[in-house]
Amino acid sequence: MALLDVKNISIGFPSRHGMFVAVEDVSLSVEAGEILGVVGESGAGKSTIGNAIIALLEPPGEVIKGEVYLNGARIDNLSAEEKRLIRGKKIGMIFQDPQTSLDPLKTIKQQLVESINLHLRLGRKGSEKKALELLEQVGIPDPLIRMEHYPHQFSGGMRQRVVIALALCGEPELIIADEPTTALDVSVQKQILDLMRKLCKEKNVGMILVTHDMGVIAEVADRVAVMYNSRLMEIGETAQIIGNPQHEYTKSLISAIPRPDKRVRRFPLVTYIEDVVERKEEFDVSTHWLGQSRDFDMKVADDGTILQLENLGMRFQITNSLFKSKRRYLDAVKDVNFSIKEGETFGIVGESGSGKSTIARMVTGLYKPYKGAVHFLGKEISAISHTSEVLPYRRQMQMVFQDPFSSLNARMRVMDIVAEPILFHKLADSKAEAEHIVLDLLKLVGMSDDAYAKYPHQFSGGQRQRISIARALATRPRFLICDEPTSALDVSVQAQILNLLKDLQEELNLTMMFISHDLPVIRQMCDRVAVMRHGQVLELAETEKLFEDPQHEYSQHLLGLMPQLNMLQA
Amino acid sequence: MFSFLIKRLLQSFMVLLSVAFIAFALFKFVGDPINNMVGQDTTLVEREALAERLGLNDPFPIQFFNFIKGAAVGDFGLSYRHKVPVSQLIAERAPATLELSIISALLSVFIGIPMGVYTAIRRKGFLSRSFMTVSLVGISLPTFLIGILFIFLFGVILRWLPTFGRGEVVQIGFWSTGLLTWSGIKSLILPAVTLALFQMTLIMRLVRTEMLEVLTTDYIKFARARGLKENAVNFGHALKNTLIPVITIIGLQLGLVMAFAIITETVFQWPGMGMLFIQAIEEVDVPVMAAYLMMISVVFVAINLAVDILYAFVDPRLTIDGGSKHG
Amino acid sequence: MVDSEMKSNSKWVQFLKGDLWYDFTRSPVAIVSFLTMAVCLFLAAAAQWVAPFDIFDLATLELMDADLPPPWADEYGEDKFFLGTDDQGRDIWSGILYGAQISVFVGLASVIISAVVGVSLGLLAGYAGGRIDSFIMRVADIQLSFPAILIALLIDGVMRGLLPRELHDELAIYVLIFAISISGWVQYARTIRGSVMVEKHKEYVQAGLVIGLPSRIIAVKHILPNVLNPLFVIGTIHLATAIITEATLSFLGVGMSPTTPSLGTLIRIGNEYLLSGEWWITLFPGLALVVLVLSVNIFGDWLRDALNPKLR
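Residue numbers (my numbering), protein chains in the order written: chain A, 1 to 570; chain B, 1 to 327; chain C, 1 to 312.
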């Protein structure tokens, strides 16, 4: 008998447009001591299953069909009070964001003792002892002191450890973890995953690990359930699903994951998804609007250098004070030097807070450098204070942003969004011509014909990122900065966007600065890479050289954390 | 923490200074103090001498400084109308207003907060919905209209309660209280309830909104996922997190009670500072206006300061540094 | 071709397809309050044509008609004055219509001025940041710690001191509008500033900067349309507050004079007769005020909940 048995469950959300079925006819089971990964892209319904098992569906969601059994006893038809008794005691839950999962006004001890005493009835002394043990088990140093602290005194990774300790308070038999490491940095992510796996095995607890990240699955899951569009596609041993997927969807999903181990020219497309758009027609830059009059008076240097950073530094004030000595600063970028040659893709990789985005913002003029200089096309653009003088240079560089949901103005039509830079820089003679160019650009990035009249919210994340790229192209730039352009997207969509960027770069001979925290993506996209930490460039090397033979200790460390997906077919 | 308090103190001081400036500007530009102090037949020379004696010919900063010096010890000169020191007028009227305001404030806080919590927890319940509907009527009825309705109902039709004045008062030192006599208490009921109703509905709605917000947070979801009882979730975790931001708003609301007392006092002929102020406005009695303004801003600033200090005590995020960042 | 497709996807069509309209058509509370509000506003706007008597025309007043009760409540009433008359023989119903006109005019004008001032300052503070922001917000903080009614009273008092008596009565309506709008802008400014601070860091603003657009265009063309949503809710609720404030000031005797009465003035006049049993003079204007304010408040309340995705 399995620990948890979910049989033919369907979950629906009634709405004015009828019943929205978030999960349809899904069956799965978990054994004690086993970790079942539930993987899928956004909207696949994976989190909804977890919430349904623990009976915490967001209203108005409801289980419309199927049964849930825990240790052979049916639990989905219990009363609200009986379900509450199961929560925490039999089934624990871990949420995504440790920053918001803890009550900010209570100490860790108070929160732990409350849960322990509720489920185990150990009294105050006993509960405190148990709390101490739990904190030790999840790896909090100095637990006796730390348990008196409030949540805001812990870092993200430590907080997630506390959350895990809280989930273990009632000694549950099953834990549901919903994207437990998504909000954390790579190196912390690895530690938390290791901890969760260790605890599961030691305590013989079953776990459902909900995630979008195949790398996480490969790292810890014993078995995997693959979900797509509310349905279960495939379920099986992790090695088998990743190494030899049977279902068409799983196959194409896995092929779309950027490979950490070797460089491919193009990503295979996830053909199972309906809205895949691939550009068909050939494109000739010499006759196209994008190839016209590219300000050839601004010459690239003889050695091909298009952008050069010289001792670039940025400093933010973190605490203000009347007294100079009490003000505290953060050096987000410290003395960075590198240059980018025309036509190459230059990667910057690092964890959050490494200063990689700050560099992009200084290059584009969003931030004024604290020290040092940015030379672009032979001109020190960071020193030009006059707007009209710097504008022709700024026009030559554009940026694609991370979040497709906030990078487009929700109140403007796609037509106006893309036409704005054209009209502002007077790159078209008339409004009609500008509209014509917009339609052409939208086609170029693979958008359908009727897109121009719509508003951003009518598109998916991937489509919005295409629009965002079209807008960036609308100033006819020769230098494009991509700041984590795909980290908010699903893997399958990421593959499409990365392909599009590769194509555009080749056809337009664009120079790119590609910023990402994701090493496999960097490997697929970049010619040279700078590895950053704490505002400094630690290593700068050819991509292949970096991945095969990293020199700096930190580069080696980062590469070591990369999910290895060893089961992948060659 | 210490620098935070210093900063707030400095800010409060700036507020008082700017209010003092406004009050001073009233003296300077509204109405002519000499005209208000002397008769028609005073000669120009006498007027000039009086102006000199009152310091009206001094340079502007010196006049302002002298005004502040006076204000600091409660000296605002003579009322143009009553021809007695303003401080004396205020002192006579203050107990009436303070008793009314404090009773109303207590009523609105101790009824408003529980009602807000209740309507947030039982959002869809019948009683909650009724509370919400009634509260909408409550904030839609202007205070003076509520007062008039009460007078009509309890004073004219039912003849249960007195509709004007304070009833019998007892003098304890400088303080005259209506709380020690039966007629004083009876006289207080209608005005106090009238004044409390509006604030009460407002506080109830604020608490409800804030609590609903808190109930959607992750840590409440996580508390539920740990199997905590509904009451432990609602009162152990949600309530405290709700009340912290609410403290500020309630502080502001309590300041409002004193201002709204102006209306209530007018409706019920309550002999407090509010009525004094209204009369002062009608007759452009600048010293009284200035004194009332200063007085009420001192009260507001004190409440705000108290709220800030309280805040720092209940919210660990303000007092304890988010130090150690290992891991 | 471009134009026709844009039209089929116009804002109006979007609105009719949207959740707000859907919720509205299914909420009896929203429909009733909206209709009541609309009828009140219409009657107030059309007082000149709807009212049976012109209360400003002294020639039509007769002392014989003074203090008549409503005909349906008392046999002394006359049918042509179905809500009775006041001490000067003015028809109460006509008085209410004209009074409501003044109340609504003062309310709307104050809301519009407050909104324009508040939104501009909020946008400026939020977008410019730094010293400008601290200055505007400090002023707002100080003002916010003083209740609107007190500020309005004070401004009125100052105006009385500065203006001669006759002139003050004549200008009373503008003094009121000025006083109420000055006391109301803070709320708009704070809300807009908060939203602007959030929007300012969104990537579409940065994209605009990278394109090279000047700050002025980014603030007005890009950020402003994205922060205006809360304005409808604040505006509706503020309208109710402004009408109440006007009524209160007039009731306290520092607002509209008895020769051009607003609802508040009518209630004030009637209040003097309440204790002698002539309840209709004050009760009906009071009732009218409550219906007007209540419908606006209920609609505003519904609107706020409907626009808050968390409460849906």
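Hints are computed from structural coordinates only; laboratory data are not their basis. Hints are not guaranteed to be accurate.
[Unchecked claim] 25 Å max Cα-Cα, derived DSS-like pairs, lysine-lysine:
1) B:K124 - A:K83
2) A:K251 - A:K262
3) B:K229 - A:K125
4) A:K130 - B:K221
5) B:K229 - A:K89
6) A:K129 - A:K203
7) B:K229 - A:K341
8) C:K202 - A:K368
9) A:K502 - A:K299
10) C:K200 - A:K454
11) A:K324 - B:K7
12) A:K431 - C:K17
13) A:K443 - A:K502
14) B:K124 - A:K109
15) A:K368 - C:K17
16) A:K83 - B:K7
17) B:K124 - A:K106
18) B:K221 - A:K89
19) A:K130 - A:K203
20) A:K106 - B:K221
21) A:K326 - B:K7
22) B:K240 - A:K109
23) A:K129 - A:K89
24) C:K221 - C:K200
25) C:K221 - A:K426
26) B:K229 - A:K129
27) A:K83 - B:K221
28) A:K65 - A:K129
29) A:K109 - B:K221
30) C:K221 - A:K454
31) C:K202 - A:K454
32) A:K545 - A:K262
33) B:K124 - B:K7
34) A:K203 - A:K89
35) A:K454 - C:K17
36) A:K125 - A:K89
37) A:K130 - B:K229
38) A:K7 - A:K129
To see whether the hints hold, each was checked on the structure:
no. : hint            : in the structure
1   : B:K124 - A:K83  : holds (22 Å)
2   : A:K251 - A:K262 : holds (19 Å)
3   : B:K229 - A:K125 : holds (22 Å)
4   : A:K130 - B:K221 : holds (23 Å)
5   : B:K229 - A:K89  : holds (12 Å)
6   : A:K129 - A:K203 : holds (18 Å)
7   : B:K229 - A:K341 : violated (63 Å)
8   : C:K202 - A:K368 : holds (18 Å)
9   : A:K502 - A:K299 : holds (24 Å)
10  : C:K200 - A:K454 : holds (24 Å)
11  : A:K324 - B:K7   : holds (16 Å)
12  : A:K431 - C:K17  : violated (30 Å)
13  : A:K443 - A:K502 : holds (16 Å)
14  : B:K124 - A:K109 : violated (35 Å)
15  : A:K368 - C:K17  : violated (45 Å)
16  : A:K83 - B:K7    : violated (50 Å)
17  : B:K124 - A:K106 : violated (29 Å)
18  : B:K221 - A:K89  : holds (16 Å)
19  : A:K130 - A:K203 : holds (15 Å)
20  : A:K106 - B:K221 : holds (16 Å)
21  : A:K326 - B:K7   : holds (15 Å)
22  : B:K240 - A:K109 : holds (17 Å)
23  : A:K129 - A:K89  : holds (18 Å)
24  : C:K221 - C:K200 : holds (13 Å)
25  : C:K221 - A:K426 : holds (18 Å)
26  : B:K229 - A:K129 : holds (23 Å)
27  : A:K83 - B:K221  : holds (15 Å)
28  : A:K65 - A:K129  : violated (43 Å)
29  : A:K109 - B:K221 : holds (19 Å)
30  : C:K221 - A:K454 : holds (18 Å)
31  : C:K202 - A:K454 : holds (21 Å)
32  : A:K545 - A:K262 : holds (12 Å)
33  : B:K124 - B:K7   : violated (44 Å)
34  : A:K203 - A:K89  : holds (14 Å)
35  : A:K454 - C:K17  : holds (14 Å)
36  : A:K125 - A:K89  : holds (20 Å)
37  : A:K130 - B:K229 : holds (21 Å)
38  : A:K7 - A:K129   : violated (39 Å)
Checked against the numbered hints above, the structure breaks hints 7, 12, 14, 15, 16, 17, 28, 33, 38 and satisfies the rest.
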